[in-house]
Amino acid sequence: MEPIVELKDLTFRYQPDDEKPALDQVSLTINEGEWVAIIGHNGSGKSTLAKTINGLLLPENGEVRVKGQTLAEENIWAIRRAVGMVFQNPDNQFVGATVEDDIAFGMENQGIPREDMVTRVQEALEQVRMTPFATKEPARLSGGQKQRVAIAGVVALRPDVIILDEATSMLDPEGRFEVIEAVKKIKEKNQLTVISITHDIDEAANANRVLVMKQGRLFKEGTPEEIFSAGPELIELGLDLPFPEKLKLALKAQGLEVPSQYLTEEGMVEWLWTSVLNK
Amino acid sequence: MMNKLIFGRYIPGDSIIHRLDPRTKLLMSFYFIGIIFLANNWQSYLFLAVFTFIAILLSKINLGFFLRGVRPLLWLIIFTVALQMFFTSGGEVYWQWGIFRLTEFGVINGIFIFCRFVLIIFISTLLTLSTPPLALSDAIEAILRPLKVIKFPVHEISLMLSIALRFVPTLMDETEKIMNAQRARGVDFGEGSIVQKMKAIVPLLIPLFVSSFNRAEDLATAMEARGYQGGDGRTKYRILHWQVKDTLTVIVFVFVTIGLVWLKN
Numbered sequence: 005m006e007p008i009v010e011l012k013d014l015t016f017r018y019q020p021d022d023e024k025p026a027l028d029q030v031s032l033t034i035n036e037g038e039w040v041a042i043i044g045h046n047g048s049g050k051s052t053l054a055k056t057i058n059g060l061l062l063p064e065n066g067e068v069r070v071k072g073q074t075l076a077e078e079n080i081w082a083i084r085r086a087v088g089m090v091f092q093n094p095d096n097q098f099v100g101a102t103v104e105d106d107i108a109f110g111m112e113n114q115g116i117p118r119e120d121m122v123t124r125v126q127e128a129l130e131q132v133r134m135t136p137f138a139t140k141e142p143a144r145l146s147g148g149q150k151q152r153v154a155i156a157g158v159v160a161l162r163p164d165v166i167i168l169d170e171a172t173s174m175l176d177p178e179g180r181f182e183v184i185e186a187v188k189k190i191k192e193k194n195q196l197t198v199i200s201i202t203h204d205i206d207e208a209a210n211a212n213r214v215l216v217m218k219q220g221r222l223f224k225e226g227t228p229e230e231i232f233s234a235g236p237e238l239i240e241l242g243l244d245l246p247f248p249e250k251l252k253l254a255l256k257a258q259g260l261e262v263p264s265q266y267l268t269e270e271g272m273v274e275w276l277w278t279s280v281l282n283k
Numbered sequence: 661m662m663n664k665l666i667f668g669r670y671i672p673g674d675s676i677i678h679r680l681d682p683r684t685k686l687l688m689s690f691y692f693i694g695i696i697f698l699a700n701n702w703q704s705y706l707f708l709a710v711f712t713f714i715a716i717l718l719s720k721i722n723l724g725f726f727l728r729g730v731r732p733l734l735w736l737i738i739f740t741v742a743l744q745m746f747f748t749s750g751g752e753v754y755w756q757w758g759i760f761r762l763t764e765f766g767v768i769n770g771i772f773i774f775c776r777f778v779l780i781i782f783i784s785t786l787l788t789l790s791t792p793p794l795a796l797s798d799a800i801e802a803i804l805r806p807l808k809v810i811k812f813p814v815h816e817i818s819l820m821l822s823i824a825l826r827f828v829p830t831l832m833d834e835t836e837k838i839m840n841a842q843r844a845r846g847v848d849f850g851e852g853s854i855v856q857k858m859k860a861i862v863p864l865l866i867p868l869f870v871s872s873f874n875r876a877e878d879l880a881t882a883m884e885a886r887g888y889q890g891g892d893g894r895t896k897y898r899i900l901h902w903q904v905k906d907t908l909t910v911i912v913f914v915f916v917t918i919g920l921v922w923l924k925n
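The listed protein sequences correspond, in order, to chains X and S.
So that you can map any letter, position 272 of the first sequence is 276 in this note's numbering, and since no number is skipped, the others follow by simple counting.
So that you can map any letter, position 171 of the second sequence is 831 in this note's numbering, and since no number is skipped, the others follow by simple counting.
It is worth saying that the hints were derived from the structure and are not from the lab.
Possibly wrong hints are sitting among the right ones.
Unchecked claim - Listing some non-contacts, in silico: residues in chain S with all C-beta distances to chain X over 10 Å: (1) 688; (2) 743; (3) 761; (4) 764; (5) 813; (6) 816; (7) 823; (8) 825; (9) 870; (10) 888; (11) 899; (12) 909; (13) 910.
Said to hold, decoys possible - Estimated spans, in silico, between C-beta atoms of each pair: (14) S:848 <-> X:78: 56 to 62 Å; (15) X:255 <-> S:840: 30 to 36 Å; (16) X:78 <-> S:840: 46 to 52 Å; (17) X:181 <-> S:710: 56 to 62 Å; (18) S:895 <-> X:146: 26 to 32 Å; (19) X:146 <-> S:698: 48 to 54 Å.
What you are looking at is a predicted structure, and each value in this text was computed from that prediction instead of being measured.
In this text, a Cβ means the ideal position worked out from N, Cα and C, and glycines have one as well.
So that you can see chain S by itself, here it is in the shape it has in the complex (with noise of 0.2 Å):
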């Protein structure tokens, strides 16, 4: 069940994608994502495919994975393109039944709409396969620095973040582990009408709330005892290095803003 899921993976890899600050990887996807909205024609849009594709192959990673990537949101791509298909109008009819009209301008604008529904899934695809979990969390703390100064608790969350990466196969072991006892005591998961599957949960989820409370307790023990007192007057063991290449991507993308800049209308 939890292997078919592709977001938040991470493959391991090599490739100069890999290898990047993941400030530069999360902030450039960000900004990538941004300026995906000034596309507005084929020129443009072809453009920032192109570059999407050939960040993918830097990365070395196999097309396959973006591709599934895609799969969980494909009925929303295709509620939203049919929507704008049917429902724009303007241009030449070509087809018209009811309030269903298809026409030129919707034609268009559901291509671009779902070519911009790929693009952002791919690039954001791309980010977490080529970094880990914890580079990222290391990556949002980073950014999120300067916000210290309106007294946002970034080290809290920062560590909240970590502490929840870490357990995360932890806690699928144990959820893995609860299924199987209460399967083994004659619980049927996933049979049943829906309110039977939702009522086969609570005894799943119950007994994973109260050893994730003791979890915590136990946790917060060991932290203690090993000297934690908040987040003033630490040192990091991990940091991050801002590399020439990171500088290059930048550089990169602000030709990608000018040449898309001269391409749209």
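This is chain X alone, in the form it adopts within the complex (with noise of 0.2 Å):
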């Protein structure tokens, strides 16, 4: 697998005197076609880490290398090309006064003939599954339904990665489940990369690798599996558990061996059923 975003010791502080950068010599590299996930408790410099991806931050030192070249002046608009962001509000990105004019957005922005822009905008919405209301303005939407536009905007623009920067955290268990459904199908469908910076332990479990940030630094970096047996420590990085692992957690309470390793939710319910059986 070739790399196709490498950042190399890469600081960045909002003001030039503040004594903690929000990125502290960052150093990942992450492969063409990997779904990673970025957590951390808030603060914790994930943000900042995916605005200096596409140049909306430039870094006080280190190198940004996206496709092989190096971030600068001169190709920041082909690297954002290359990288779409979804960002968190679903109300404050939506550009277009209907769904279909804020898809549209973007290829507009990249002078794209307009019979082609009509073609893609079709495309997306059906990517999404957005195409009842292609018409309709964002005030008749849920958060869900925007967020997905959102991804549409992007996908029509054709990227390699896919950003998505806390882009479920302000949605309900539902809209939450459709990005995160949609998101998968678009990436597999068309063989993006996926960033996802989350608090969402499901989102992350999704992900071929989690990495987790810590004061501006990364603190670890591992499978969701690797990640998520590290148990309670998780909650003080000021993240959630699996559901598995709680349900580890309070059998363990109760005074039940339980596996020290990671199980999914149906690693679980075999370990359970095979457990019961051997009483």
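From the two separate chains plus the hints, produce the assembled complex.
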């Protein structure tokens, strides 16, 4: 697998005289086609990291490479084309007056001919299953629907990487599920790389790799299984535990022997019914 | 509170007026308002009134909406008409009291002014009721485009206009939410003296301002992330079509003008 995003010794401060940098010597590599979740408590630098990848914030030190190109003043717009971003607040990132206008906005910026835009808008709408809403105004959509439109707007631009910057944090569980499902499908179909910055543990469980940020530093890195088996340590990092882990803790408190490694929900069910049979 | 406001509202429909190009509607409405001032006798006012009435009928919009459009301006109309009636001299004097004098010319002038007001309000209400705000902002952009020659920022203005329109319902919702939140904490809106009323607005206005700044910041970031670099080199997704019925509308207006010039003294 080719690396698509490479960060080297990234340091960033919001104010030049800030004592503690928002990002402190962060280095990481994300491979093509990977789904990477970045988790961490509030103020750990996750969102800052996301914004440095497509040059919305320029690092004080270090290097950002996207598709082998080093981010610089000249190629910033080319890199923004390669990296699509979906932000947190569904209302505030809706530029267009209707769903289709919003999806077309990014393409208009790139100067894509109108005929192409029309077909691409249709395609993108289908991919997020919002076709019946094409002419609706944002005020008539739910939060999850607005986020799906935002994703469609990014997908229509055919980027290589999609960054979800806490894109599901303002949604209800249903909207969250819809958005994650839409992203999953789109990722498979278009062979995208997904970087999702999140507090949501289910979203992180979908990832191939999880990066944990703490106070501007990359604190831990591993598969979801590795990270989640840390158990209570996650709570200290300001994160929730996946449901099987919670169940394990509760059983342990009742004096039951539980396996120490991380179990998915299915694994948990398997272990439960075999352990009952053993008695 | 907001629902009573008829100005700037759009009534969806599928009449010939609805399907006209917004540019035609916008330009012709302004043109009509201009030629109303040419009318100066009974015949010409009657002619324009009939024309306006036909346009309203063609739009298939309930006449009630137009009457409601007049209501907020009723006091202004009555005031102006009264001034005209009592302070215009000439012709037969019907009634006099001090400096107030009701004369023949005064009455005629008052009625004309009244007609003028009502016709202007009707035609502008027809424009806003039959055209979605978005189409109007497209039309404004198209009409302003020639001003690019004198470095007028047409693209920026039209972008601001369309973003403003898109955020109107969002901000309305937010206003409502903040109002209710402040009410829950004991703020009385619309109670007490005028000073108290104004003071009660502060806890609504400041959060609204601050959140608008935050929204603007978020929106700007999102726009930049989606490759917005200003107006140059952009293509457009929505385009306006000039159709035969638009040309016909312009021809109708030419005839109206000719008729009007012929009818006036």
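These are the hints, each one checked on the structure:
1. 688: holds (24 Å)
2. 743: Check passes; 42 Å lies beyond 10 Å.
3. 761: Per Cβ check, residue 761 of chain S is outside 10 Å of chain X; nearest 54 Å; holds.
4. 764: About 53 Å separates residue 764 of chain S from the closest Cβ of chain X, which puts it past 10 Å; holds.
5. 813: With a cut-off of 10 Å, residue 813 of chain S remains clear of chain X, as the shortest Cβ separation is near 17 Å.
6. 816: holds (14 Å)
7. 823: Since the minimum Cβ distance to chain X is about 7 Å, residue 823 of chain S lies within 10 Å and the statement is violated.
8. 825: Given a closest Cβ separation of 6 Å, the condition is violated.
9. 870: holds (14 Å)
10. 888: violated (5 Å)
11. 899: violated (7 Å)
12. 909: holds (25 Å)
13. 910: holds (26 Å)
14. S:848 <-> X:78: 56 to 62 Å: holds (58 Å)
15. X:255 <-> S:840: 30 to 36 Å: violated (44 Å)
16. X:78 <-> S:840: 46 to 52 Å: holds (50 Å)
17. X:181 <-> S:710: 56 to 62 Å: holds (60 Å)
18. S:895 <-> X:146: 26 to 32 Å: holds (30 Å)
19. X:146 <-> S:698: 48 to 54 Å: Because 52 Å falls inside the window, the suggested range holds.
Against the hints set out earlier in the document, violations occur for numbers 7, 8, 10, 11, 15.
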